[in-house]
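Build out the structure end to end from the sequences listed, making use of the hints.
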Amino acid sequence: MQLYRAHILVCGGTGCVSSGSKAIQEALTDELVKNNLDKEVKVVETGCHGFCETGPIVIVYPEGTFYCRVSTEDVPEIIAEHLVKGRIVKRLLFKAPVTEEQVPSYKEIAFYRKQQRVALRNCGHINPDNINEYIGRDGYEALSKVLTGMTPQQVIDDMKKSGLRGRGGGGFSTGLKWQFASNSPGPKKYIICNADEGDPGAFMDRSVLEGDPHSVLEGMMIAAYAIGADEGYIYVRAEYPLAIKRLKTAIAQAEELGLLGENIMGSNFSCTLHIKEGAGAFVCGEETALMASIEGSRGMPNPRPPFPAVKGLFGKPSNINNVETYANVPIIYLHGADKFASVGTEKSKGTKVFALTGKLRNTGLAEVPMGISLREIIFDIGGGIINDKKFKAVQIGGPSGGCIPEQHLDTPVDYDSLTALGAMMGSGGLVIMDETSCMVDMARYFLDFTQKESCGKCIPCREGTKRMLEILQKICGGNGVPEDITTLETLGAVIKNTALCGLGTTAPNPVLATLRYFRDEFEAHIYDKKCPAGVCTAMLEYKIVTDNCKGCGACARVCPVGAITGEKKEPHEIDTSKCIKCGSCIEKCKFNAIVKG
Amino acid sequence: MIKSPEDLKRLREEAKALTSIRAGQGVEIIVGMGTCGIAAGAREVMSAILDELSKREMSDVRVSQTGCIGMCEKEVLVDVVRPGETRITYGRVKPQDITRIINSHVTNGQIVEDLVVAKLD
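Residue numbers (my numbering), protein chains in the order written: chain S, 1 to 597; chain V, 1001 to 1121.
Simulated from the structure, these hints should not be mistaken for lab results. It cannot be assumed that every hint is accurate.
Unchecked claim - Within a straight-line C-alpha distance of at most 27 Å, the following computed BS3-like cross-link-like pairs (lysine-lysine) qualify:
#1 S:K339 - V:K1055
#2 S:K311 - S:K550
#3 V:K1055 - S:K39
#4 V:K1055 - S:K145
#5 S:K248 - S:K389
#6 S:K160 - S:K39
#7 S:K248 - V:K1055
#8 V:K1055 - S:K85
#9 S:K543 - S:K474
#10 S:K569 - S:K588
#11 S:K339 - S:K311
#12 S:K85 - V:K1094
Quick look at the structure:
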């Protein structure tokens, strides 16, 4: 085998590809040939590193030097300096946000230091299109162990002991789910992977599929063996073309090696896997709707019971888990259930991947042990709030979750503590908001999302979310009345209790949670007709502070509706009946003479 | 084709070499590749190291390079760092010395005393 003294890893995740990593990869390969180094140094395309904001990311091993925002123009310098002379190209290193210190090594960056990568163990470290790199890092060893030394019941017992709970939203015990599917009689059973990740801002499943598809395949096969299934489906959103491409390659390579198909590794166990591309409906992430979609029906949920474990895909007992859940499975059998359960809190074991977005310095994917505080995630890993603004709230669990204010930031993060706070783990999306975010507007945004995605099958969701949205629009528009708050609470409670599926029962959460922690903002909108954060334009008025205005006329020239008038070198005025509150004048004014409020 | 757990194990042992360099463990060999080092033949020494490691399938050894450290008259300088042991600097290394350095020092921990120019804790 050809040995290389250095590996240049180029991120091939969706984030870095869209910022130009493919061209960098080609430039690196060309430059290596030019310098006669192509026999010594290898270029490897990997999956997502999670720190997409700093992409395109290039990492050079053995040193583990982390270069960010690399462009093709930087390539000759990287080769000439780093790979020929062994000198790090300092200007491309990551700069710590507060201290501005340059951090040379991957592991030293604060964003990675507090992370504990289990589901993301191989993401960014291996070439996802090369099954051998996965095997070289103990890939398929867990499957081999399970097939040769364990009965299906032992596999399920270990899963129960590990305490793994579903990472897709509900947080149901994976071991129990497998037990139910295993208990259901019948010669034909299915294993399903839910990869219909749809929460705004969440992309951990995409990253796992793109960066380490074999871990998901291996997890699914272990589950298939445990419940007695011989066929499976991976339901992936069609909006994830790269994930689908890598999955297809992974399945083909596993089949070629005999790790998928008939009599896997010489055992009696056989399993085939198919990919089903979703057609873009958020509700298809709900398991019954997802199965209907695979069957070729319209993607709409069905009442449970019967649960999928009893009567699932094509009427057969089925087990359905999410991508991140399956990615955790091999580790449990590789290192033991006890080791897995040693991380986390009493009722939530292991680690969880969070997608950090919003007003943060470092955005991206972070995998942390359960029980860590939100404060550590936001301020240590996320680097705190951009522009030193004040933290206001974090929306956790996407459109099904709720917001958590400052006073609860030290709560240890696990399934139960978040539910107790009125939020939920969900898929792990974290949207961070600062003092310039309006909580009423935020609740309106998420409800607008779920209302549009409601499939319309049940009345509480179809009608209820629509009515709630109308009320929120009214409040944001400055026309709220005092009864609106109680109506929202009543409607929310009814929808929660009566909707058919998870989409409906969790849809009111963002509204109910904001009412719980930020009722004063609702009241300010309704009683004072004021938006404290200055977001809801209907309640804003733009005014010119006459003392500050120099009469330069810049605002009048930029105003698209001609609402600003005044003599040269005299204070100007805004005609509020004409003003459309676009904010252009504030941006243009150099003297802070225009205020909104 | 993998037909048994043993097949998988065999493939894994081979495949480990693909990524072991990214783990950041094992012995490190550092070659001085400043202008002085290159002029003294560092490139040939580097090639000899890589050839020797390939021949012995020693994929866990990391080979990196460094710039000029000021001992230009002693180039080509080659450092060997075994985890937890003293860092040894060899001087005036020729490609034909590489087999000896790898065989006795890198593999067996026996320092090649006649080539040593410095020992660093």
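Outcome of the hint check:
For a cut-off of 27 Å, the pair hint linking K339 (chain S) to K1055 (chain V) is broken: about 38 Å separates their Cα positions. The straight-line distance between the Cα atoms of K311 (chain S) and K550 (chain S) is roughly 74 Å, outside the 27 Å bound, and the hint therefore fails. Distance check on the hinted pair: K1055 (chain V) and K39 (chain S) sit about 14 Å apart at the alpha-carbon level, within 27 Å; holds. With a C-alpha separation of about 32 Å, the suggested pair K1055 (chain V) and K145 (chain S) falls outside the 27 Å cut-off, and the hint is violated.
For the suggested pair K248 (chain S) and K389 (chain S), the alpha carbons sit about 45 Å apart, so the restraint of at most 27 Å is broken. Proximity of K160 (chain S) to K39 (chain S) is assessed by CA-CA distance (about 48 Å); at most 27 Å being required, the pair is judged violated. The hinted pair formed by K248 (chain S) and K1055 (chain V) fails the criterion: a straight-line CA distance of about 35 Å is larger than 27 Å. Restraint check for K1055 (chain V) and K85 (chain S): the C-alpha separation of about 25 Å stays at or below 27 Å, so the hint holds.
Among the hinted pairs, K543 (chain S) with K474 (chain S) is consistent with the structure: their alpha-carbon atoms are about 24 Å apart, no more than 27 Å. Our distance criterion of 27 Å between C-alpha atoms is met by K569 (chain S) and K588 (chain S), whose separation comes to about 16 Å. A hinted pair counts as satisfied when its Cα atoms are at most 27 Å apart, and K339 (chain S) with K311 (chain S) does not qualify at roughly 34 Å. At most 27 Å may separate the alpha-carbon atoms for a hinted pair to count; K85 (chain S) and K1094 (chain V) meet this at roughly 19 Å.
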